[in-house]
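Listed in order, the protein sequences are those of chains W and V. Under our numbering, the first sequence is numbered contiguously, ending at residue 115. Under our numbering, the second sequence is numbered contiguously, ending at residue 113.
Since the hints were made in silico from the structure, they are not lab data. Check the hints yourself; a few may be wrong.
Unchecked claim - Facing chain V, according to a computed beta carbon distance under 10 Å, are these residues of chain W, among others:
| no. | residue |
| --- | --- |
| 1 | Q6 |
| 2 | Y36 |
| 3 | Q38 |
| 4 | N41 |
| 5 | Q45 |
| 6 | L48 |
| 7 | K49 |
| 8 | I51 |
| 9 | T52 |
| 10 | T96 |
| 11 | M102 |
| 12 | F105 |
| 13 | R110 |
Model, not experiment: these values are computed from the prediction. Note that CB positions come from ideal geometry on N, CA and C, so glycine has one too.
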Amino acid sequence: AQSVAQPEDQVNVAEGNPLTVKCTYSVSGNPYLFWYVQYPNRGLQFLLKYITGDNLVKGSYGFEAEFNKSQTSFHLKKPSALVSDSALYFCAVRDTKNAGNMLTFGGGTRLMVKP
Amino acid sequence: DTGVSQDPRHKITKRGQNVTFRCDPISEHNRLYWYRQTLGQGPEFLTYFQNEAQLEKSRLLSDRFSAERPKGSFSTLEIQRTEQGDSAMYLCASSRGQTYGYTFGSGTRLTVV
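If we strip away everything but chain W, and leave its shape as in the complex, we get (with noise of 0.2 Å):
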């Protein structure tokens, strides 16, 4: 089975300093992953995926996310936070092993960036 942890309910940042979202997963085979963004009663907006090749990927609005195949881990950063990044951010992952088809989903990290 496919799982995804995001071990940090929240995430406060001072505005200009880097920031990291924590993400570690689960699978059988090799894993697809995904980072959405979500903003108050709206749907989630995609930010960045790693399917294979470098594991640094970039995305939408600066941010970048680093897979790490040892670790198990997909932590998504950005060099200088904003205040406008202010969301709910969620980690996605599917497994190729799987016959299944849909992503799973972490529980997501509230990140606070602070003037």
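Position chain V relative to chain W; hints supplied.
Frame of chain W; chain V shown alone:
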């Protein structure tokens, strides 16, 4: 790309009533997904369509829930005999394939009173 549309945005219903939600995916996307999200939680998978075929259903999807995608375009999700525990945001998403991300709609927020 007009995005994924969901209707209605909000629905308040009395316990025991039936409700139906509609999702219009991006036209080029043959895969359509329904998820449920409760406050402060991540989305939970409900069901998946590839074209008009419903290929997967979660154990969360009790027999009170039914979903259709009759012509491989829009989809409906019906909940019969609603219960207070059904109160949640119901999210629809569509996708081109396994290596593509989902595009989500804005969701339908259901409140059962």
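Cross-check of the supplied hints:
For Q6(W), the suggested interface contact is upheld, since its CB lies about 8 Å from the closest CB of chain V, less than 10 Å. Evaluation of the Y36(W) hint against chain V yields a held restraint, the C-beta minimum of about 8 Å falling below 10 Å. The beta carbon of Q38(W) is positioned within 10 Å of a beta carbon in chain V (closest approach about 9 Å), and the interface hint is therefore held. With a least beta-carbon distance of about 8 Å to chain V, the hint placing N41(W) at the interface is held under the 10 Å criterion.
A hinted interface residue such as Q45(W) counts as satisfied when its beta carbon comes closer than 10 Å to some beta carbon of chain V; here the least separation is about 7 Å, so the hint holds. The closest approach between the C-beta of L48(W) and any C-beta of chain V is roughly 8 Å, which is under the 10 Å cut-off, so the hint is satisfied. Because the beta carbon of K49(W) sits about 5 Å from the nearest beta carbon in chain V, less than 10 Å, this interface hint is met. This hint holds: I51(W) has a C-beta 5 Å from the nearest C-beta of chain V, less than the 10 Å allowed.
Checking T52(W) against chain V by beta carbon gives a least distance of about 9 Å; that is within 10 Å, so the hint holds. Taking 10 Å as the C-beta cut-off, the interface hint given for T96(W) holds, the closest approach to chain V being about 8 Å. For the restraint placing M102(W) at the interface with chain V, the shortest Cβ-Cβ distance is roughly 4 Å, inside the 10 Å limit, so the hint holds. Taking 10 Å as the C-beta contact cut-off toward chain V, the hint placing F105(W) at the interface holds, the least distance being around 4 Å.
Residue-level restraint check for R110(W) holds (minimum Cβ-Cβ distance to chain V is 9 Å; threshold 10 Å).
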